[in-house]
Amino acid sequence: MSLEMMVGIKWVPNTQNVRFDPKTGTLIREGVPSIVNPADLDAVELALKVKDTYGGRVRVITMAPPSAVKGIEHVIGMGVDAGVLVTDRVFAGADTLATSYVLSQAIKKLGLPDLLFFGQETIDSSTAHIPAQVASWLDLPYVYYVDRVEEVNREEGYAVVRRKLEDRYEWVRVELPAVIAAALKSQVPRPVRLSEKLRFHRDKPLQTLTNKDLGLDPRCVGLRGSPTIVAKVTWMPEVPRKRQVFKGDAREAARWLVKKLAEEGILVREDGRWRVRVA
Amino acid sequence: MGQSAEFDAIVVGAGPAGATAAYHLAKRGFNVLLVERGRGAGSKQVFGGRIYAEPLREVFDDLDKAPIHRWVRRERFTILDGDRELTLDFRAGASTSFTAYLTQFTQWIAQKAVDAGAVLADEVRVDGLWLDGGRVRGIVAGPDRVAARVVIVAEGVNRLLLERAGFVHRASPRELALGVKEVIKLDKKTIEERFGLEEGEGLAWVLLGEVTDFIPGGAFVYTNRDTLSVGLVVHLGGAYQLLRDQVHVLAERLRTHPRLSRFFEGGDIMEYSAHMTIEDSVGYMPEHFAYDGMVIVGDAAGLLLNTGLTIRGVDYAAYSGYLAAKGVERALSEGDASAEALRRHYEVPLRESFIYRDLMRHRGASYAMKNPRMFREYPRVALDTLEEIYTLGRETPLPHEALARALSRNRVGFAEFALRMLKVVMSL
Ligand SMILES: Cc1cc2nc3c(=O)[nH]c(=O)nc-3n(C[C@H](O)[C@H](O)[C@H](O)COP(=O)(O)OP(=O)(O)OC[C@H]3O[C@@H](n4cnc5c(N)ncnc54)[C@H](O)[C@@H]3O)c2cc1C
Ligand SMILES: Cc1cc2nc3c(=O)[nH]c(=O)nc-3n(C[C@H](O)[C@H](O)[C@H](O)COP(=O)(O)OP(=O)(O)OC[C@H]3O[C@@H](n4cnc5c(N)ncnc54)[C@H](O)[C@@H]3O)c2cc1C
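Chains as they are written, first to last, in our numbering: chain A, 1 to 279; chain B, 1001 to 1428.
Just so you know, these hints were derived from the structure itself, not from any lab. All residues carry an ideal CB built from backbone N, CA and C; glycine is no exception. Wrong hints could be hidden among the right ones.
Facing chain A, from chain B, some residues (calculated, C-beta under 10 Å) [as the list claims (entries may be wrong)]: (1) 1033; (2) 1035; (3) 1039; (4) 1040; (5) 1119; (6) 1121; (7) 1122; (8) 1123; (9) 1124; (10) 1125; (11) 1141; (12) 1142; (13) 1145; (14) 1256.
No farther apart than 27 Å at their CA atoms in a straight line, the calculated lysine-lysine pairs in the DSS-like style are these [what the hints assert, rightly or not]: (15) A:49 x A:212; (16) A:49 x A:204; (17) A:204 x B:1027; (18) A:51 x A:164; (19) B:1044 x B:1185; (20) A:204 x A:109; (21) B:1044 x A:70; (22) A:49 x A:70; (23) B:1065 x A:70; (24) A:204 x A:108; (25) A:70 x B:1027; (26) A:109 x A:70.
Label pairs and their calculated CB-CB ranges [what the hints assert, rightly or not]: (27) A:191 x B:1198: 47 to 53 Å; (28) A:66 x B:1028: 27 to 33 Å; (29) B:1039 x A:234: 27 to 33 Å; (30) B:1164 x A:185: 30 to 36 Å; (31) A:241 x B:1413: 50 to 56 Å.
Working from the sequences, and respecting the hints, build out all of it.
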């Protein structure tokens, strides 16, 4: 059997276009198109690179409303072999616990892949819970911040991956099957190809799973299965910039800056030294 | 080289022209691929505009189901200069045009194409026409080549494919204008109150003079359901570079103009976009609208009429797409996609249509409109004349005295003025 890979992707509102309504404190989602969570494209690219080297099959899975098919089409356009849409009314309103539960059960049902990829975090929630939670539901090893898959040895059941940390790289040998989260912005996702798009339209490599297929306890999924309560959402008010520009040499600029910051009350003089005022 | 698939027709560009061509071919049972570089059809269209309905009734039998915002009944024309303003306000007896978001309108057409069986491949940029001894055999996109019996080029005004393949010359700045548009959100009621509109009624407003810095061109305001499309179109002439950097300043000035800002007050700017448009349609047209294995539709074919008071591009685009679909159907059913067959079945009907005839008829007027004096001196003559007539001291001038003084103040000869005005009036 050849190498099996799966990538979790999330269909998210393009928050770069979402604006906040300061009066109501809610997101203005009107007319905002959804996209594949950008970090997930890193994961897709990482998986496709493994496929470039070792062959095998890459599938994506997403728990989402049916409109996410457009996102699956996008990654299939990049070269992913097939997509799985996990969708059901009872899955709606899920927090990360319920989402990861459904995802892990769907993945189990489909058959555990050798490598299960995720993005680092999403642009609309950024919890970074899902990969770790899926790994623990499935009792699999989990490596994150991965920017390169160095080696995959299916016969001996291991992979070597590189983790990109702030100041160093770390190489990890991990047992297969393994869950891997791609480091944010670590890849350049390949462009969509016309021939792959045509394959999508011709072959419709798409599978839908509902709770009829999964048979999960309704108390463990969706809103009912979500213990998290969002108590309050607020936003960071934008601080109007003063846009002052100083032209001169660095020494003078530093003096000028200190003076300005002191005038603003940001720097305070204590015992003959400048200190940042603690609010 | 990637795999290749055979299509009856490949349409490049899912704007109104391409989407319509794809729809009508798919509806007639052809195997159609519609390729669009943007995310979804219509995503690259400049938001908000006014579309003329009559030609579209022949193209879409369910036009009333289209995402129409308001039927335009009010036409307004204004000349602005300092704190002087001349406005002509006209309420038509019936409406023949509607406002819409071009994006939504194009998506509506593309959805019909998909429902009729066309394959829409978005997020794919076509890099070139696949040429085989002068005959167009298909398209090239990245490493992939896909063959088709006919390629319909609907790439819009920025026609790189046609240029690269040598079918058209590189556009000169004289043939083009630059348009910018902002979409400003206001609620429905406020729009109707501010512009004096009945419920659901639309306004199209053209402004000249100071608002375009007296650069040839005009500004416009269209009322959508709960937004305004506000923008301007400036002829590029020689000043291309200058304008490219300046045009957003002009848009800002329009929005904050002391005589206009009250219309936009409190509105949020939802979109800003800039896009090229055709100024000299006849100069911009390709020599032919059909070649071996290829037809050209919409803006790419130079089919846009900007009279200064009205602009027609979307209905022309859709109608030409419709004519192309009918022509391609005939040619393919004869099993002949040669230039000759495609010209017989598409180019000839296009040249006989209202589109081509009007473009030719308006050619002279378009030259008249290009005179920079049209945008500075002549508007001022009108304002000065009115000022003479209305701003009375002791003396009450006769109308011709008022006009004569206004002419001499603006250094415009009477004969020149009379001739120009005659030309413009005749062209309307
Ligand atoms: C407190 C809270 C309450 C919420 N309530 C709701 C709610 O009521 N309704 C609602 O719709 N959503 C709700 N959400 C959002 C939703 O449950 C989470 O977004 C989702 O569980 C994933 O979490 P995340 O976006 O933080 O993903 P992260 O954990 O940041 O995502 C990491 C990676 O996991 C993968 N991934 C994430 N989500 C999916 C998915 N759905 N399918 C496949 N792969 C995925 C992607 O590869 C992604 O890059 C809530 C989130 C929070 C934090
Ligand atoms: C500021 C402004 C205001 C306007 N206002 C009006 C108005 O009020 N009323 C009116 O009728 N007209 C108006 N027009 C003109 C109108 O927008 C055009 O005439 C019309 O959109 C032309 O349609 P089209 O389908 O030929 O081209 P386009 O609408 O330009 O569509 C071309 C499509 O092809 C795609 N494409 C291009 N190259 C490639 C490629 N290589 N591969 C894949 N896809 C490609 C593009 O992404 C685009 O979606 C306005 C234009 C401007 C600039």
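Structure-based check of all given hints:
Checking residue 1033 of chain B against chain A by beta carbon gives a least distance of about 8 Å; that is within 10 Å, so the hint holds. The interface hint given for residue 1035 of chain B holds, since its Cβ lies 7 Å from the closest Cβ of chain A, which is under the 10 Å cut-off. Hint status for residue 1039 of chain B relative to chain A: holds, with the closest Cβ pair at about 7 Å, below 10 Å. Taking 10 Å as the C-beta contact cut-off toward chain A, the hint placing residue 1040 of chain B at the interface holds, the least distance being around 8 Å.
Given hint, residue 1119 of chain B at the interface with chain A, holds; its Cβ is 5 Å from that chain's nearest Cβ, closer than 10 Å. Interface restraint check: residue 1121 of chain B against chain A, minimum CB-CB distance 4 Å, threshold 10 Å, status holds. For residue 1122 of chain B, the shortest C-beta to C-beta distance to chain A is roughly 8 Å, which falls under 10 Å, so the interface hint holds. For residue 1123 of chain B, the interface hint holds, the least distance from its beta-carbon to any beta-carbon of chain A being 5 Å, beneath 10 Å.
About 5 Å separates the beta-carbon of residue 1124 of chain B from the nearest beta-carbon of chain A, less than 10 Å, and the hint is met. Restraint check, residue 1125 of chain B versus chain A: the minimum CB separation of about 8 Å is within 10 Å; hint holds. Hint status for residue 1141 of chain B: holds, given a least beta-carbon distance of 4 Å to chain A, under 10 Å. Using the Cβ-Cβ criterion of 10 Å, the hint placing residue 1142 of chain B at the interface with chain A is satisfied: the shortest such distance is roughly 6 Å.
At a threshold of 10 Å, the smallest CB-CB gap from residue 1145 of chain B to chain A is about 9 Å, leaving the interface hint in force. Against a cut-off of 10 Å between C-beta atoms, the interface hint on residue 1256 of chain B is violated, since the closest Cβ of chain A lies about 19 Å away. A C-alpha spacing of about 35 Å is found between residue 49 of chain A and residue 212 of chain A, which places the hinted pair above 27 Å, so the restraint is violated. Only pairs whose Cα atoms come within 27 Å are accepted, and residue 49 of chain A paired with residue 204 of chain A is accepted, the gap being roughly 23 Å.
With a C-alpha separation of about 22 Å, the suggested pair residue 204 of chain A and residue 1027 of chain B falls inside the 27 Å cut-off, and the hint holds. With a CA separation close to 21 Å, the supplied pair residue 51 of chain A and residue 164 of chain A stays within the 27 Å bound. Annotation: proposed proximity of residue 1044 of chain B to residue 1185 of chain B holds, straight-line Cα distance about 20 Å (limit 27 Å). Annotation: proposed proximity of residue 204 of chain A to residue 109 of chain A holds, straight-line Cα distance about 21 Å (limit 27 Å).
Restraint check: the Cα-Cα separation between residue 1044 of chain B and residue 70 of chain A comes to about 18 Å, which is no more than 27 Å; the hinted pair holds. At roughly 23 Å between alpha-carbon atoms, residue 49 of chain A and residue 70 of chain A fall within 27 Å of each other, so this suggested pair holds. Between residue 1065 of chain B and residue 70 of chain A the alpha-carbon distance is near 24 Å, which keeps this suggested pair within the 27 Å criterion. About 23 Å separates the Cα atoms of residue 204 of chain A and residue 108 of chain A, which keeps this hinted pair within 27 Å; it holds.
Our distance criterion of 27 Å between C-alpha atoms is met by residue 70 of chain A and residue 1027 of chain B, whose separation comes to about 24 Å. Between residue 109 of chain A and residue 70 of chain A, the direct Cα distance comes to roughly 24 Å. Compliance with the 27 Å bound is thereby established for this hinted pair. Under the hint 47 to 53 Å, the C-beta atoms of residue 191 of chain A and residue 1198 of chain B, about 49 Å apart, fit the expected range. At about 30 Å, the beta-carbon gap between residue 66 of chain A and residue 1028 of chain B stays in the expected band of 27 to 33 Å.
Range check, residue 1039 of chain B to residue 234 of chain A: about 32 Å between beta-carbon atoms, so the 27 to 33 Å window is met. The hinted window of 30 to 36 Å between residue 1164 of chain B and residue 185 of chain A holds, with their beta carbons roughly 33 Å apart. Taking 50 to 56 Å as the suggested C-beta distance range, the pair residue 241 of chain A and residue 1413 of chain B conforms, at roughly 54 Å.
Consistency note: the structure conflicts with the earlier hints numbered 14, 15.
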